[in-house]
Amino acid sequence: MMVRFVLLPRLCCLAAVCAWSAAAEPAAEASSATEYRTAQAKRLDAAESDPTMLEHYLTELRAYLAKRPFERTDYAALAEAGAKAIRHGANEKSISPTLWQFKADVAALILTRQDGWETLNANAAQAIRIDLLTAVRPLLVGLSATKAEAAAERPGPVNVVVLGTDPAAQDQADQAQAAARAAGEAARHRRMVANIRDEVAQTLRRYLVKEFNVALADEAGVTQILRRAGCSLKEAREVRAALVVEE
Amino acid sequence: MLGAVTITATLASGSTCTATIQVVTPQSLTGTKDSEWTTDATLDLNAGTIPAGTAGAGMFLTMTVAPTNVSFGYCEASEVPTPGENVVGYFTQLTVAQLAHSTAGHWWTITDDNEWFDTAALVGAAEPWSVGGYQWTIPNHFRCLGHDGSGTLYATTVQAFTIAVNGTVTVSKVGQTTTRTP
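Respectively, the protein sequence lines represent chains F and U.
1 is the number of the first residue of the first sequence in our numbering; add one for each residue after it.
1 is the number of the first residue of the second sequence in our numbering; add one for each residue after it.
Be aware that one or more of the hints could be misleading.
To be verified - Part of the chain U face toward chain F, derived, beta carbon under 8 Å:
#, residue
1, 46
2, 47
3, 107
4, 118
5, 120
6, 122
7, 145
8, 146
No lab work stands behind these hints, which were simulated from the structure alone.
Since the model is a prediction, treat every value here as computed from it, not as a measurement.
No residue lacks a Cβ here, since even glycine has one placed at the ideal position from N, Cα and C.
If we strip away everything but chain F, and leave its shape as in the complex, we get (with noise of 0.2 Å):
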């Protein structure tokens, strides 16, 4: 009885601590594509309001990830949910760089997946292994244009005095203020982006070389897997530049 006694409010306790965290994390153990999907799905609308659902979203990835056995539904839910994910927020130009982390974050993830092949036959994995960099794509194209508009800017201070009563040549120097610190901003902006999609380059240089084992140098393999992924021939030959260029 004794034992009965105190056991009854630990198991009520336990189960109000697992209630807790189901609501604090939904479906964190969501068991099949389908569920996997439209968790995740909507984890991103969540995310609109509450960005911290975008940690949600990689904690549910990881978790799904190791999922055994991971099956072709599974490599196509990871497909599925991974594009919608690296297409979140729209226009890239003036997403954030946490938004921009979370999608490197999401293409790593989805990029390593490199075993639970045995279920498929080589021609099914080599299909699943396109439909992986086509979800990521997105991100790949313009790799080097961020990276070279960084490059390209002059950051620093306008330290100018202006004396006199002249209005029009204060304004100009209240101008050119205004434009060092705005473009102060925008550099930083840039340059952390570049700097994300730098992880991203070197995400996909594994990839290429470990799941299709061709090298940077195959201008003509590199490009033929890039196009197979949806690139256009111009973003393919732009996209392999750059990772030739980032070694």
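Let chain F serve as the given structure and place chain U on it in line with the hints.
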């Protein structure tokens, strides 16, 4: 964090591998003069032109953060606002606010080549001119991108202004000087 940092990776097999890297911070600042402001029909602070007859001088500088055998491309730099100092002659007629380094106090990124770009100038000193001078002693701070706060001091520079009785203005900074007569 400064000094040696060791990163250890433990593989699934249990074996480990390590890499040790040295972390260094910005330590000093030098500058070279890219160009001097010239006389032209209109005042243009971006192009660096001053009308004839107007007292003023300016220069565009490239500042280099040392040591240059590492990249500070993921750092920001800032000049901390300070009051005008050693104020003599002509410039004693200016207010404390006019003499202060009010153009400082914001952040900009350092390039991958450890550079940032400065404009040092003074224009519009009204007649009658007389001998005078003042300076800013500028604390230069850095911080890593993505961090807030006031950063860490890595160099102190001086930007100095003088004027002669004929209105000739001289601006100097990090050993670089520009002089212009109206």
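Evaluation of the provided hints:
1. 46: Because about 6 Å separates residue 46 of chain U from the closest Cβ in chain F, which is inside the 8 Å limit, the hint holds.
2. 47: 11 Å, violated
3. 107: Status holds, d = 6 Å.
4. 118: 5 Å, holds
5. 120: The hint holds - residue 120 of chain U has a Cβ within 8 Å of chain F, the shortest such distance being about 5 Å.
6. 122: Status holds, d = 4 Å.
7. 145: At about 6 Å, which falls below the 8 Å cut-off, the nearest Cβ of chain F leaves the hint on residue 145 of chain U intact, so it holds.
8. 146: 6 Å, holds
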